[in-house]
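Participant: Going line by line, the protein sequences match chains X and P. Under our numbering, the first residue of the first sequence is numbered 1, with each subsequent residue one higher. Under our numbering, the first residue of the second sequence is numbered 1001, with each subsequent residue one higher.
The hints are simulated quantities; they were obtained by calculation from the structure and are not laboratory data. Quick caveat, the model's predicted, so the values are computed rather than measured. Using N, Cα and C, we set each Cβ at its ideal position, and we do this for glycine too. Keep in mind that the hints are not guaranteed to be accurate.
Over 10 Å on every C-beta distance to chain X, these chain P residues come out as not near it, computed from the model [said to hold, decoys possible]:
#1 Q1021
#2 Y1027
#3 A1035
#4 H1061
#5 G1066
#6 R1078
#7 G1099
#8 N1138
#9 K1152
#10 N1176
#11 A1239
Straight-line alpha carbon distances no greater than 20 Å define the calculated DMTMM-like cross-link-like pairs of lysine to aspartate or glutamate that follow [as the list claims (entries may be wrong)]:
#12 X:K6 <-> X:D89
#13 P:K1084 <-> X:E110
#14 X:K159 <-> P:E1019
#15 X:K84 <-> P:E1224
To spell it out: a stretch of chain X is covered by chain P in this simulated footprint if at least three of its residues, at any positions, have a beta carbon under 8 Å from a beta carbon of chain P; those stretches are [what the hints assert, rightly or not]:
#16 376-386
#17 444-458
#18 492-502
#19 547-554
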Amino acid sequence: MQLDAKIPGGPLETKWDRQRFELKLVSPANKRKFHIIVVGTGLAGASASAALAELGYQVKTFCIQDTPRRAHSIAAQGGINAAKNYPNDGDSIWRLFYDTIKGGDFRAREGNVYRLAQVSNLIIDHCVAQGIPFAREYGGLLANRSFGGAQVSRTFYAKGQTGQQLLLGCYSALSRQVAAGQVTMLPRREMLDLVLVNGQARGIVVRNLITGAIERHAAHAVVLATGGYGNVFQPFTTNGMGSNVGAAWRAYKRGAGFANPCFTQIHPTCIPMHGDYQSKLTLMSESLRNDGRVWVPKQAGDQRRPEDIPEDERDYYLERIYPSFGNLSPRDIASRAAKFQCDQGKGVGATGRAVYLDFAAAIKRLGRAEIEARYGNLFQMYEKITGEDPYQTPMMIYPASHYAMGGLWVDYNLMSTIPGLFVLGEANFSDHGANRLGASALMQGLADGYFIIPYTIGGYLAGTALGEVNESHQAFTDAEMEVNAKINRLFQIRGSRSAASFQIDLGHIMWEYCGMSRNDAGLQKGKQLVADLRQEFWENLTLPGSTGEFNQSLEKASRVADFLEFAELVISDALARRESCGCHFNEAFQTEEKEAKRDDAQMCHVAVWEYAGEGHEPIFAKEPLVFEFVKLVERSYK
Amino acid sequence: MSPETINLTLKVWRQHGPEDQGRFITYQANDIPTAASFLEMLDIVNERLIVEGQDPIAFDHDCREGICGMCGAVINGRPHGPEKETTLCQLHMRGFQDGDTIVIEPFRARAFPVIKDLAVDRRALDKIIQAGGFISVNTGQAPEANSLPVPKSNAELAFDAATCIGCGACVAACPNASAMLFVSAKISHLALLPQGRPEAAKRALAMVAEMDRLGFGNCTNHKECQVECPKGINITNIARLNREFIKAAVSSPEEIPVFPAGRPEALQMGAK
Ligand SMILES: Cc1cc2nc3c(=O)[nH]c(=O)nc-3n(C[C@H](O)[C@H](O)[C@H](O)COP(=O)(O)OP(=O)(O)OC[C@H]3O[C@@H](n4cnc5c(N)ncnc54)[C@H](O)[C@@H]3O)c2cc1C
Ligand code: SF4
Ligand code: FES
């Protein structure tokens, strides 16, 4: 597999300028002759659709929900970063770049991350112009807060609903282009295959989720913005029920390299598991750690109510182990610490897989009213879900899978290893290395969609010979046949277990053996268990109804089938990475203080996997990461 | 933490597709954990149906945390169920008693055809937004973000209106199946911000006209929408919409638009 990242040379600050100059342009009159397919309407897909349509391209956009406004970006709570330095506290493009690349444990590209920091300010300008109601100060100017352990206040937010407001901004821009006739919006459509002609991405095959009809759509280029694969851990995840790896997986099977699949972020503050019927673990915003104190009883197996455990019998372990960051230590570190306490039998609640997040001290210091003003909506959500009042008794929290740093490999132009297939947002691997800092995924999704793809796709279209291709091309017929064959196979199994039950079993295996803390023996075992489960799936699935109708069980089964294949790649990648870094923690590689130990000499690369056909191990390739501008240091938060 | 369970009788609307007449079917839902959410309860019921070889109940959902607006059904006559400001996915079974009978139906409105069972087609709401629920700014045109201060109180009111999740419960709650609360939330959000003013008049006229065209009913001031809205969208937004609409109609350089049928009643509210 050829992995040319195409990062322009020269100083960091001018790389993107240089690239924009060197990319060929499509003349205004010619833009309308190009058809572009965008799959996904989260921040990345909706912004890309709008921006491309504004330029004059003919865009066709797809999503699986009933309307583009429901993509899972809607659920993001905390905020979006930018290097505006409005608070005058020392922020700069360089500092945002540095924090992001360090936060990712030095496993991302300098050039990409620097560009992300550069365009971050344009995003805020654009969002404000769209009418996004960000939080403001009394003087009417924009407010900022610090987030995710950053030492400057660079996060813009709209209460605890930043993702919702940003997504509705993109959705309105997209709607405007639908009205203008520049975008054809096709909701309730699921991409089931990518179509290649002469090695170029030229279209997709989708299932119309209302009628069940299989449809073909041709274009000059395809943009995937289908989100992350956190649901490989379902129910131990904050992701929405529909989030899936299907589109990315089909692209992989058509030849797109998959990068760093084992880099999955675990978020420390989620509502713990309380029953086997539970569909997900709802996120409790990271901002709670600004005032909440995390603790467990010092004595393993202590069954007393938290109120009855005296101060000196509590272990505020984050404050103890990480005195300078304390309760605000980064996500990967706080998550592992919680698991470690629970593994020692100190976990609380009915399952013993939870720790306390206690606001008693903050309520005493600031008063209940102030805590209500800061976190009222989160406390309310907690009470709705658990039936307990967090003003009276400490919250119980536990880590859950949250975000996928891994994804389809893309070059600096966001193009995958398949010419004409571009990948944006959480679906690509590009900017967050081995760990993502808070408030940076929203930034990346909008950077990709509004400010990068409009330039880079033009360069591709202007510089590539693209023959006439329409939906009757043989490649579409073949892809459609394969899609139908797979659907038929699913119906023919006629076993006795639902698709949902397989998904939950898979989540348990992945969480147990490929979760927060990994080791080779566990990974090997997990890999075998996944293979066994996949075999059972293909022997024992039961599927009600038929394909020619609205059939949510079929949707689920098709996605679970992909997850069952994909999970194995996650584990292979975890086994191949002979170091611990960021969220990937292999117990064989740790410091004396039990922290992740990187191996910069051997492992400073992007791991990229290429599909080698059914029953064959995927082919491994490396993209070396070259650091010209920053020095690799050990992340320390003590 | 209660490992308690309850037994329920569900009367669920089953309808194969838009052409089918539809009917209530009764299901016995035993051993439902009170800590489960309403949708998790339906998951449990569906799991049992699938294993028995029966057709599971179709219902829309995604985020399951009250923000995406995809879920929704009418529970014992109330959109999203009995709890105040709570989406169906955030409604929990601890609010129900052992032995309860629960009637579950789709959102009903002329503009929302049933797709299957509890899943309805709400694309009409997208069409209303396409008619004008945006600020016309192309990527790259924006001025520096802080060059346009917005009074904090306006920003907060705009935010409150902008939290509408587009679920359509207001339409299902309204005896006329009007979408006024939904439309007014978007119009208020944008009209309250200086960025939204240049197009305010055009937007109000266009969105209201589109709502009428799509077959939503008139607002005759029943206020059921506000009671059932899971996001607490306030009916004062309808008053603001009406003010925007009158202003627009009066100052329209073109032909003065005729108030669509039924609008005058709604306008009385705005005049107060
Ligand atoms: C609970 C939660 C809170 C978060 N909070 C923050 C935060 O505060 N700050 C931050 O920066 N990040 C946050 N994140 C991360 C961030 O929200 C996501 O990474 C980001 O929004 C992903 O955007 P996206 O556009 O890539 O994908 P998504 O928003 O997930 O959109 C995916 C789209 O693809 C479509 N799709 C998927 N598969 C198919 C298919 N096969 N065919 C057709 N369409 C398909 C879907 O319909 C959808 O439209 C949070 C994430 C979660 C889960
Ligand atoms: S106004 Fe309320 S009920 Fe109506 S669509 Fe918006 S959130 Fe739903
Ligand atoms: S499933 Fe998203 S609001 Fe209920």
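Participant: Compare the structure with each hint and give your call.
Facilitator: Hint-by-hint comparison with the structure:
no., hint, result
1, Q1021, "holds (17 Å)"
2, Y1027, "holds (15 Å)"
3, A1035, "violated (6 Å)"
4, H1061, "violated (6 Å)"
5, G1066, "violated (7 Å)"
6, R1078, "holds (17 Å)"
7, G1099, "holds (20 Å)"
8, N1138, "violated (5 Å)"
9, K1152, "violated (5 Å)"
10, N1176, "holds (23 Å)"
11, A1239, "holds (20 Å)"
12, X:K6 <-> X:D89, "violated (35 Å)"
13, P:K1084 <-> X:E110, "violated (49 Å)"
14, X:K159 <-> P:E1019, "violated (43 Å)"
15, X:K84 <-> P:E1224, "violated (44 Å)"
16, 376-386, "holds (count 4)"
17, 444-458, "holds (count 3)"
18, 492-502, "holds (count 5)"
19, 547-554, "holds (count 4)"
Consistency note: the structure conflicts with the earlier hints numbered 3, 4, 5, 8, 9, 12, 13, 14, 15.
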